[in-house]
Each structure stands twice: as C-alpha cells, then as structure tokens.
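Residue numbers (this note's numbering), protein chains in the order written: chain A, 106 to 218; chain B, 1328 to 1557.
Zero decoy hints are in this set.
Quick list of in silico lysine-lysine cross-link-like pairs, DSS-like style, CA-CA up to 30 Å: (1) A:Lys208 <-> B:Lys1497; (2) B:Lys1556 <-> B:Lys1393; (3) A:Lys208 <-> A:Lys133; (4) A:Lys179 <-> B:Lys1521; (5) B:Lys1490 <-> B:Lys1521; (6) B:Lys1441 <-> B:Lys1422; (7) B:Lys1529 <-> A:Lys208; (8) B:Lys1343 <-> A:Lys133; (9) B:Lys1529 <-> B:Lys1396; (10) B:Lys1490 <-> A:Lys114; (11) A:Lys208 <-> B:Lys1521; (12) B:Lys1344 <-> A:Lys125; (13) A:Lys125 <-> B:Lys1343; (14) A:Lys179 <-> B:Lys1490; (15) B:Lys1422 <-> B:Lys1497; (16) B:Lys1441 <-> B:Lys1396; (17) B:Lys1538 <-> B:Lys1497; (18) A:Lys208 <-> B:Lys1490; (19) A:Lys133 <-> B:Lys1344; (20) B:Lys1529 <-> A:Lys177; (21) A:Lys179 <-> B:Lys1497; (22) B:Lys1344 <-> A:Lys114; (23) B:Lys1521 <-> B:Lys1538; (24) B:Lys1343 <-> A:Lys208; (25) B:Lys1538 <-> B:Lys1490; (26) B:Lys1414 <-> B:Lys1450; (27) A:Lys177 <-> B:Lys1490; (28) B:Lys1450 <-> B:Lys1422; (29) B:Lys1396 <-> B:Lys1450; (30) A:Lys177 <-> B:Lys1497; (31) A:Lys208 <-> A:Lys177; (32) B:Lys1441 <-> B:Lys1497.
To spell it out: a stretch of chain A is covered by chain B in this simulated footprint if at least three of its residues, at any positions, have a beta carbon under 8 Å from a beta carbon of chain B; those stretches are: (33) 115 to 127; (34) 188 to 200.
Calculated directly from the structure, the hints in this document are not laboratory data.
Don't be surprised by glycine CBs; every beta carbon is placed ideally from N, CA and C.
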Amino acid sequence: MHEYPITLKIIEIAEAHARKENASRVVKVNLVVGDYSGFIGESISMYFNHISEGTLCEGAQIAIRRVVPQLKCKSCGEYFTRRPFSFECPHCGEEGGPTEIGKEFYIESIEVQ
Amino acid sequence: MLLNHKGKVSCMSETKKIEVMENIHDENERIARETNDLLTQSGVFAVNVMGAPGAGKTSTIVGIAKRLKSLTPFVIEGDIESDLDTKTMNALGIKTVQINTGGACHLDAPLIQKALDDLAPLKNGILFIENIGNLVCPAEFVIGEHIKLLVSTVTEGSDKPYKYPLAFEKADCVVLNKSDLLPYLDFDMDFFSKGFRALNGKAPLFVVSSKTGEGFEELARWLEDRAAKG
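Chain A with its partners taken away, still in its complex shape:
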C-alpha cells in the first residue's frame, strides 16, 4: 500500500526525463533506497512491474541499491552500523548519533532507448 503511490511517482519522474531526451522507452531505472527511507525495495519492484504497463517504463528493469544506515560517534567521530537496542560506538564505547546515511531515496539514473 505504502509503496504504491511512491512507485507511481518514480515512473512519472523516469518518464519525464526520458521524454526530455526524446527516448522511446526506458530500459532501466537505477534507484537508491536507504534502509531508513521507510520504503522497501522489493515492494517497489513488485508494484513497478504492474504499474509501468502502458508507460514508457513498461518492461524496464528496476535496479535498487540499498544503503545501510550509519551512525556517527559523538566522541571519536567514527561512522558505524548500530546493533539492536544500542547506539554505542564499537570503536570507543561512547554514544553515536544519527546521520543522513541510510535515508536516501532517489533515482540515480535511467537508461533509455
């Protein structure tokens, strides 16, 4: 449900860029999805195949690059992946804070013909 409207938006953006290039079809959409973006890549792929019918994206492949969230230690400045129920830095034991790494949600590029 949650991914349906956002997949429509992805197709809309890809089509707009393809039209600008006078392309007849989109063959691939390269999408970047952070784990904290709130969107599930597999779910977007599933919707994409159905919704793209009749659009310039019909039959296109959707390639999703996942980004694992990183915290930044407030003391030593190292970046790290958090463990469940903890924000502790594995390097120095101090606390880490959130960063923008893992919140990505954008179309990196499209491939057209």
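Fit chain B to the known structure of chain A by using the hints.
Frame of chain A; chain B shown alone:
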C-alpha cells in the same frame, strides 16, 4: 547502421544512460514549503502531531487546546476512516476538518494543502495536524508543519526510541503520555531517555497524563513560546 549476427539491420537502438539524481520526495517537499509559507504569512503555527494508535494524540491536542492563553486552536484530523475525533473537537468548539485517507498510512503535503482550503479563512492561531496513528511513515513526510510533536506513552514501553528511531530523531517536541500509569508498569525511564537523547539532543521531553492533566500547563506554555518565535 547496426547489423545483427546474421548481417541484417538490427532494430535495436542504442541504450543511453541519463543521470537523474532526483529525490522522489521533491514534489511533496515543494508543496509542503508552499503550505508552510502560506501558514506563516497568515500567522498560523502548524504542529504535526505523530504517534502510535491509542497513544492519546487527540486527548493531547485537547489537553493543550484547553490551556492555550494567547492562541486560537485549529485542527486537521487525519484518520484512515471515521470522523470520531473531529466530532470530539467540534463539540469543544474547535474548528476542525477531517481527512480520511482510505487506507493510506500517513498524511502528505497535497492532502494538507486541500484540507487547508476547507479550513479557510485561517488566521492567527495554532494548527494541530493529527497524523495517522503510526510510528513509522508519518516521520518521513513533511506536510507543511513548523514543528513535529511526537506522542509516546509509558504503556508502549521504554524501548520505542530504539525500535522507531526516525520518529524520535525528527521530533521537535516529545510528549510521554499516560504518566498516571507509571506505578503499575516496568517502564525504564533511564533507558528511554538514553535512547531518545542519543537520537535527539534538542527536543524537550514533557511527561504528561491526559487523564490527570499533569504536565500540560508546561507543555502549553512551551508551545505558545515556540509559536511566538515562528
């Protein structure tokens, strides 16, 4: 001309890669900025109220509205279905409009833009936008608000900042509701605070009870001061 392996002209045209680098949320964010500008110009301070189902978002809004001294409250109620909360607000004399998302799990900027037309004219006050009961996606969408207020509860447990980090990270104010139930629960306040502070060093935390009214005077004063700053 392209020739295939049999030496015939191939219909396959060349594939070209186009750099896009476009955020999927761009349009939502643009509409949210327009809404925010419009509200600011009208002297309306908008609060996006987020929280799990049953956290007490509606009763928190009521508790604040009753204690406002200098601001008129307005409300947009977001629900998947029903208008029960709107009836509660209207019964208290608070101008309210209902949005039913029909299944969608969060409010977005276009929905709010439309609801504002229904509330117009809106002037000089505080607008509470009660989001869909959900600790996940409401935190990902800006809707034109000035601040995000997160309602968490002692009954949900003290691990919520660890399990739903984005909601706590994005909040400008956190209300910990149902404090009257603390004597009956094993809520670990230190664990909760530690997780919340790791994610968010700025937002104030108000421990309140919608049942007894504890903490609401402070919360209402903080919101009025915050609204005055714009």
